[in-house]
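Participant: Sequence:
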Amino acid sequence: MKAKMQKFSFEKKKTKTSLTKRSKDFKKIQEKRKKKKKNHDDEEIEALNLQLWPPLGQPKDNTPPKEIKLFSDLPISKKTLEGLKTHNFITPTDIQRESLLYGLKGHDILGAAKTGSGKTLAFLIPILETLFKQRYTPSFGMAALIISPTRELAYQSFDVLKKIGKFHDLSFGLVTGGMLLKEEAKRMNSTNIVICTPGRLLQHFEQTPNFTADDLKILVLDEADKILHLGFADTMNAIIEALPKQRQTILFSATQTRSVKDLARLSLKKPIYVSVHEKAKETTPTSLEQRYIVCKMQDKVNTLWSFIKSHKHKKILVFLSCCKQTRYLYQVFKKMHPGLTILCMHGHMKQHQRMEVYDSFSRKQHAVLLATDVAARGLDFPAVNWVVQVDKPENVETYIHRVGRTARYEKSGEALLLLLPAEEKKMVEDLIKRKIPIVKLKVNRKQLFDVTKKLESLCASNKDLKDNAQRAFISSMKTLYVLDKPCFHSVDLDAYAVSLGLVQAPTLPFIGKLKSKVKGQGEKERNVTDGSQNSEFEKSENIERTIALDFGMNEDDDNDNIYNIVKDVQEDEFSSEKMEQGLVPDEPKKKKSSAKSKLKLLKYTTRITFDEDGNPEGEDKDEDVGGLNIDEAKERMKQQDKLDKELHRQNVKEKHREKRLKLKEKRRLLEMEKRGQSVTENDETHDTYEETYASTDSNSESSDDEPKPKKVRLEDKEDTLQEMTSEESDDSENTTDNDDEGEDIGDDGEDITKIDEPDDDIHKTEAAVLALLGTNP
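For the sequence shown, the UniProt record's numbering begins at 1 and goes up steadily by one.
Mixed in with the good hints there might be a few duds.
Below are the PhoX-like pairs computed for lysine-lysine, each with C-alpha atoms no more than 20 Å apart in a straight line [said to hold, decoys possible]:
#: 1; residue 1: K426; residue 2: K296
#: 2; residue 1: K296; residue 2: K69
#: 3; residue 1: K411; residue 2: K425
#: 4; residue 1: K166; residue 2: K78
#: 5; residue 1: K442; residue 2: K454
#: 6; residue 1: K166; residue 2: K300
Hints are computed from structural coordinates only; laboratory data are not their basis.
Nothing here was measured: the structure is a model prediction, and the numbers come from that model.
My request is simple: use the sequences and hints to build the entire structure.
Facilitator: Take a look at the structure:
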């Protein structure tokens, strides 16, 4: 037994020594591989650096960019080339040929190129190569920062980076709103390349502990003009101040504006301006066919639906001006089943929903995407056949970015723009000035589908759809009012509301608010400033534009693309003269409570009375100078309630009187049938009854002009009952007398008018009692 145990322990020790020996051998092999790999990488890096910076005495590689036909002709590492080749990136585009050499050498770049020209690879390749040459690993932290204006564009850049950089030993991170901040903070310090939006990045700088950008090597601003356009200027300035000054900065955009150049002066050092299409005959791609049609506002929905129905086997991207309009048309078009997939994307959607829509539309071959300008910049939807702009873009730059979603990477595409008659002249002139060719088309109205009745039925059967239609109407009109007032005044509001499925146009509350704000600010400026009439006119224009934009920005419910306008801010808003006059308070005013501010938005009801001719006599307003007086309103309601009750009582009495008269007529006819007398032989008696009935009606009509009787008190009911009983008996006697005057003789010679029923007085008394009690007999 002991011998067996000794043998087992010996075998166990032997296995342990063999395992330790194997692990040591494996570590040695790994170290050898690392050294070999490091040596190989070192050799490759040295070769690449020699191509970019040849030593003194050797001729420089001055290969013109036009002769670079493949990515392999550029000094790029094998790992990057393998990632490009795996995803069929073989031939560089014009902007890539012109800018890649400067980016690889570390120069600051200010680039401009047409939409769909491959700007994303133009800044991703220099980032990968720079970090590869400096042997970065995830433990080094953040070394490159890419800032995008929208989440969708950041997501797209991140997707491309994962494809071409998967063979590198680097870490990539996507940092945008809608994600968990704590989860992002855990990985921020171990991420080499960060793709983000400005607001989220600034939030990490402020809240994430130990997060710094001290080792940053490259900063990229993608669509920099859009970043400023969305109001991120202050955020961007704060971010740039937190970054090291010794870095490489790259800016790319399809449209270079003055704001981008201002930002470039702040962040670029001797930048190289790269614009491959600056001298081109056309600003947009030559493979893009652009057309426009002129139609009225009320015809736009029918035109869009007819276009979708006639292009079922195409991939269509439709741009609208506001979120609520996009959401409503998506809901109704989906219910009407056009024959292909309908999708929508707007700013009110959550981040994961927008990502799902982006992926779904990218995968489908035939689909329609209704979108706002969220999808206008940078997004690369594959194989888009048509771009339809239902609403006029804010400016030519927005038009260029919208139509740039098709005809990408030298592929063909088509674009259609819908213009109002008042918009045609100015928009076409602006496009021609920017070298954008566009052709006018005429619509064959016989081929249009009229969906007005269908929309009306959908809104009538679904209250939510009706409410969304009203919101879409108000939001679209508000956008048009702020962007182009002359066009707004030329729109037939009722006809446009009917085209959306509404019975009539909803009220537009924003017009009065904007006018009142502009008027108040104008009076204030006239009292404060002194100057010529021209200067006052210019200031009033600036005030009006600024106030209108502020109104669109501050309302969360109506934040529908109006914020895209750059506000005109007056430089002398808080000048020294105003400070001396005390117009600018030293301390901020106390904010009003939300309840008080909402009270001002209440609309008080107005009651208008009319005379007999239909002319208004006056107005009863429930509004007081100091607000709503509840006591006075209650008192008026009590008085009106008394009048309504008295009127109701008179109507009930009139109905009972008519019923009694009908009963009398029935009894008379029954008596005639009992006596065997025909109705035709008693025309005179019937005429006498009709005259009596007419006289009673005329008396009742004349009584309407008299003052209304007072309410019958309970203690007077007995006297009133006796009087009504006596009146009934008198009426019966009068009826008998009238019958005696025109007595008729039957066939047997008997007098039929002298026959009286014994229970007639009893029935009359019961009817009178029921009438008094207010119940039907």
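Participant: Against this structure, judge whether each hint is valid.
Facilitator: Results for each hint:
| no. | hint | result |
| --- | --- | --- |
| 1 | K426 - K296 | holds, 16 Å |
| 2 | K296 - K69 | violated, 49 Å |
| 3 | K411 - K425 | violated, 30 Å |
| 4 | K166 - K78 | holds, 12 Å |
| 5 | K442 - K454 | violated, 25 Å |
| 6 | K166 - K300 | violated, 47 Å |
Violation of the numbered hints given earlier is confined to hints 2, 3, 5, 6; the remaining hints are satisfied by the structure.
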